[in-house]
Amino acid sequence: MSPLEMPASGWIVLAVAQAMLMLMFAPLASGFSRVLRAKIHSRKGPGILQDYRDIAKLLRRQSVAPSNAGFIFWIMPWVLIVTMLLIGMALPTVTQVSPFPISGDIITDIYLLAIFRFFFALAGIDSNSMFGGLGSSRELTLGILVEPILILTIVVVALAVGTTDLGYISHALATTPWHQPLTIILAGVICAFALFIEMGKLPFDSAEAEQELQEGPVTEYSGASLAMVKLGLGLKQLVVAQLFLAIFIPWGKAASLNADGLFAAFVILFIKLLVVFLIAGIAENTMARFRFMKIHRAIFPAFLVAVLALVFLIFGW
Amino acid sequence: MTNNTVELYSTKPQQGRIGKQYVDGVNHFFPSAIIDEEWQTENQVTITVKMTALVEVMKWLYYDQGGWLAVTFGNDERSLNGHFAVYHSLSMEGEVKSWVTVKVLVDADSQEFVSVTPTIPAAVWGEREVRDMYGLHPVGLPDERRLVLPDDWPEDLHPLRKDAMDYRQRPQPTSETETYQFDNQLGNDSNRIVPVGPLHITSDEPGHFRLFVDGEDIVDADYRMFYVHRGMEKLAETRMGYQEVAQLTDRVCGICGFTHSVGYSNTIENALSVDVPFRAKMIRTVLLEVERLHSHLLNIGLSSHFVGFDSGFMQFFRVREKTMELAELLTGARKTYGMNLIGGVRRDFLKDQRLKGIALVREVRKTFSELVDVLLATPNIESRIAGVGILAKDIARDFSPVGPLIRASGFKRDARIVHGQSLESYGDVPFELQSMENGDVQSRVMVRIGEVFDSLNIVEYGLDHLPAGAILTEGFDYVPNKFALGFTEAPRGENVHWSMTGDNQKLFRWRCRAATYANWPTLRYMLRGNTVADAPLIIGSLDPCYSCTDRVTIVDTKKKRSKTIPYKAIEQYSINRKHSPFKL
Amino acid sequence: MFKLLKTVIKTGEATKKYPFAPLEVCEDFRGKPELDAEQCLSCGACTRACPANALIMETDVKTGTRRWELSMARCIYCGRCEEVCPTKAITLSQNFELAVTRKEDLYEEAVFSLADCCQCGRPFVARKLLEYVLDTLAQSGVTGEQLKLRRQQLETCPECRRSNNMLDSENISHLRYLEEEL
Amino acid sequence: MNPLVLVLFALVCYGIAALVSLVGRKQEQDSLRIAGVISAFGGLFGMLAGLTTIVCGYGSADAAVAAGRVVNMDMLSALMVVVISIVTMAASVYSINYLKEYLGKGGWKINILFNVFAAAMTALVVSANVMVFIVFMEIISLASWLIVISDGSVSSKKAGLQYFIADHVASVLIMAAFLILALHANSYDFSAFSHNPVTGTTASLVFLLALTGFGIKAASIGFHGWLAKAYPIAPSYCSTLISCVMVKIGIYGILKVGVLFLGATQMWWGFLVLIFGALSSVLGVMYALAEHDIKRLLAYHTIENIGIILIGVGVSMIGIATHHPTLALLGLLGGLYHLLNHAVFKGLLCLGSGSIVYRMHTKDMDKMGGLGKTMPKTAITFLIGTLAICALPPLNGFVSEWFIYQSLFSLGKTGSVANLLAGPFGMVMLALTGALACMCFVKVYGICFAGAPKTEQAANTREVGPAMVTATSALAVLCIVLGIGSPWIAPYFSAIASSVLHIAPVSVANGMAVYPAVADQAILSTPVIAIALTLLTLVPATLLYAFRQRRLANRQQGDPWACGYQYEHRMTVSASGVTRPMRHMFGFIYNNRPQQSLTERYILPRLCLTTDGSQSVEDNGLDSRKVHFLCSTVALFVVLFFPFMSGVS
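Residue numbers (numbering that gives the first Met the number 0), protein chains in the order written: chain A, 0 to 316; chain B, 0 to 583; chain C, 0 to 181; chain D, 0 to 648.
None of these hints come from the bench; they were simulated from the model. All values reported here derive from a predicted model rather than from experimental measurement. Some hints here could point you the wrong way.
Here are the computed lysine-lysine pairs in the DSSO-like style, where the Cα-Cα straight-line distance is at most 30 Å [unchecked claim]:
1) 58/B / 43/A
2) 5/C / 321/B
3) 200/A / 9/C
Let's have the full structure, built from the sequences with the hints guiding it.
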């Protein structure tokens, strides 16, 4: 592997382009989830483009904040979108290596996700609403439960390849034979679980639990700010899904920057995402929400399995 | 004292006087307590007791003889006997099942009566309502807050007094803001407040709950209802004729209106001894069960929704739609059937409807049993509902709740079984009483699931075995000042009505106690110790009906009674004690 | 989980594309009461039976008309009016789509012309009711003079009839019955 | 100029400042202001001394020459001097406004102690002789103890006593370790220790003694009780020194003994430090979460960060022992970088919280709220501090933690089973710490600064004076600079680390990016991330602009949604409410937490002190004479212990 360095301009263009595309397709992904949801409800439901219509409409509306809210409340949607875009830029989605490795270190990425979490939770408290506050508390608690698992599973894989750069991990897993297949598969399963929690879908959507907390930190958002939050949360789901794909399903991506390869990779990515969102959609619609105060009982065992993956790594399985 | 002792002293049971033992027992243990004894039907008796003996008599009937307080209400009988009256109706569910109504006359000048709440917590709402509506002061009642009247209502205007006000009168508000004091009995000021309702995503109903929380844990809860009190009782007494009230009672509740309508019709039929034809009785029975079907399916669906299992919610609603269709087929309306007249029903079931109905029932049964399997197999459902929102048995015994709520706490209370012989055709249809022991949300859901199957069986049986004959008895005369209880087992529990006929082709007094009215007071105890996430589910597991009575606020008699009575009340209490031997 | 998916696949789509597709209701559905004004005699039985006071009748002497009005805002679709109508002029239709954009559209009315009193010329009874009674009489075998006399009687308003009676010496005599008997 | 001369200047400045405070105690306000400025200059000189050493690479060359001298400035000392000086400087500037609070309440005494304290610490880290070291250590102990008990309340006396005892137990252990070393080297000079390292079991014994002793001083977990009690009581600008700097002396000592004197020969030492550090970090932050007293909370965060630094040190020691110089360098680099960063952001947070307490007169967070509106500058700087301590990119906390992560990863990569376990273990613990810190500081910022004021007092606060704002702002800027400037700063740390480890410097930066020595392992460029984050704000901006037609301007009005009911101020989360679910889930940690410290259990009862802390205690129980007597006995014993023991031998 060649040393990591500042990407060339062509790669930066690709990075920006893919981040923008993700932003553009985020409502499509959430729209698809809604369609799937309607199908499982045995109802007709809105069209797949409904989220575009919702967001476009909300963007034209005034934002209102509670009188006591501070500036955190206003900047949260911005932070949300910006951090997710930065992660989006770094993901090796259509290319074998990361187009923007500067933010493509797994540790950096996990901490970028933490920025989102920090501001999301803070905005919940800042909005002064009890529901926002409780949602914040839940979001942070989930972070505490999930982050170690995420780190551990990814590190296990990273150790198997010897680098923490997302692009290189992806590249190595795609192009070289797996020496520790069991480790990687086990880590992949647990990582999928952790990232599913990170996506904030049922049964782990505790922070925004509609029936319990009236969408938690999002409660007080309205108009254009709400549109941005929705967009950001949709983007987050897409980014998180692709983070998983980048590491554990790394095949079918372009080796270099040429139009044909990128297009083919794009199509393959689209199919991969379709499958991921299909599975996630089925999972979220066939389960009840976890009882929040017992959620750790579901997550602690996952951590133990992640430890098992580490043991496998040590044994070289 | 057990039931056996009752038999020792009781005289020979009189023919057609079910529950005579209880009256004899009162006479035996509290000699000369009873001033008057009136029998309304063969199993309904009203005894007028001396105020001084009220608490003891009530205590004996309630705790020693297996009585449950069905309803407490007031009546302005000054035009009849110069007094106000307070009634406590008890459903006696000991060895002999009957109804005993204990009545006390309240002096029109002192306007005070002895509160039984410190002894029988179940009376608290009734007594608070009597205070609001009649201005009678319950001596010893710990809760000084209003129940029904809004905060901005004038202090001395008591709507149900006959000389108080016209039903159209709207007094000027006396305050700008809400002054209701919410009560955190177990926690302190460091507890934060989670508001739930009136416009919460799972509780978009006119009730305001506040959960006093420490983090996510509910330390205590308080709530207030009656935001849209519709004044139906006043309306019925002053504006409507007997038959119109049957239509009005259909609208007490959007879901279980028919049970109210039947309950009301029964009061008049009982009071005037009108015989309802068997066919009409069976039609009523079938429709009562149809109502239970859609109500239970609604609640089971909502339980899924509250735990985030919206797919289950939608699927149960899909089945529920079939039961709505069934109602539409049989009555011409999806809800608010408008079928009852005093003396029977207005509309017959035709052969074709019955056949279609039976087919629908079978379809629902099949789909529903599939969905129950799905629900019970859904991940996390059990962990969400098992052990959550437990209604302890002692609380249940003290507060006389009804319906699936109490059946899930191990008490076998169901008016259809207990008083089945005097309730429409329930004596003739096959079904069992569903009850569970754990008292948690899961038990309530399971009880409801069992009852759905029962209801399906009853509906099918009823449609299949509809007796021949007329559907309406006509041509009876209305006699003034006759009164009786009417009761039905609504989906949420027993609905109790009490009517007294008037001398102007209008009711003198109509009292309607919806099931939820009896259930609300226990909610606080169920919420304690659970988490915010469970609150909607627990509230929902009551299957609360806000419009039903439109009368809901808290009941808060703490278990340690002596501690909760405010000083002033104790003072008054001790003054009264001088004159009267009643004890706490 | 899989059971649910199985059910879902088996069920397909349970919802209808209402309001873009029609929604069927049962045959005996109690929807909006429809008045067949042709049939209606404006007898007023429905207005008396209506528990919700949704039906009213008003007589306008000036224009010589009687107005029947149904307020959809008050109607509770109980069907009492249908039950009591002697001519089956009111039926509860299957129509339940009753939302309107203007409040005035909630009201339905029918106007019936009144017959004038043959003496004082003031309107007093619905023409159709009068015709109906006369037709009934005719069909029940009343003919000729008798019918004419009855017509005259019926076309007289109650007030005129009362004053007629007062003026009629036969009626005034308190000995009339006694005389007849004698 | 010789950096040691600059250090001398700094010490002189502190001395003058102390003198000014003493002499000018009649015109307290003016003299304290002047003293503040003078101490700030002292800090400046100290910083210059450290920086010149580091930038010119002055110290590394003549480490050997320094034998026989009582003072010496090597790269490590230089770093320590910088750290001490930065914080002292900020605290001094801060004190210009802050001490107004203590006018007439012995402010001048506190300021004297402050300067003595700062001077002693500066002197300690440049001392190259055991005797000097111990004397300054004792001065530090006494000065800080006096600061802690300065407000004279019973609780402060209790806390002070506990601190004093813990500190002196540590001193004894440290001296025991030094004694062994000195006996072995037959010299009191530090340079002699490193030239004649002890070996075998003795080395392990020395190491354990030193680790325990300095561990207590560093307030690492298990030995942390005193910090959480003493820190909140001391005046904020002094407690900043205690929590940001004094505990670092412990790290310095562990490094000195473990790496420099003993050469970190045993691999298990490194593992011990690593595990110790990991536990410190996780438990520290967990205990912090349970607090609603802002000062205690920050005290526990010190424990957490000490743990993080120790993880780096541990990795480094494993690297040395297993002969992986790059690994050793990476670990030490991360640890030392974090040592500086912690001083900066923690200094910022301590001073910031000081500002709040200065206005609020309470440390209970539940009484605050809405301070972001009334104290906007403090709020912004505090927010930057919280972002930094939560290790959010691109601020300084992230950079150093990133290096520690990378060192742990490299540790995992080295292959042995133990390393394969230890690397991921450390990373998981770090991740857990990061997530917990995130929660903790969301809570702190959210409850104190965000939302609505929860009391009248909070609503009536106003911004603190310019000097206090300047101090916090400067530290906030430093947080950003140390973060974004990492590609230019990290090489210096690499140099420091390599000088400590006596290996050739390894390149860790390339242009605008840093990498963990191995260029294909990872890359991080905080400046580029900062630029990217800034530029990406154009995206939402464009989006909002594109849909702007007829959209009304943002509006702030009304109460939050209370389900249609009247909003009440209690409808927000409380400080304990935020963390409640977490404390429930990790109940096994909280429930098994010892309720009393050892001092509370064994020593305070001997002083006839009732534990309920009631005010009557003042008269009969903990009377000052008893305490002072006890303390002076202990101090005397400690100071004389060493010469006596060495003399005996």
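How the hints compare with the structure:
Proposed proximity of residue 58/B and residue 43/A is contradicted: the alpha carbons are some 58 Å apart, above 30 Å. Between residue 5/C and residue 321/B, the direct Cα distance comes to roughly 20 Å. Compliance with the 30 Å bound is thereby established for this hinted pair. For the hint linking residue 200/A to residue 9/C, the alpha-carbon distance of about 26 Å falls within 30 Å, and the restraint holds.
In terms of the numbered hints stated before, the structure departs from hint 1 and from no other.
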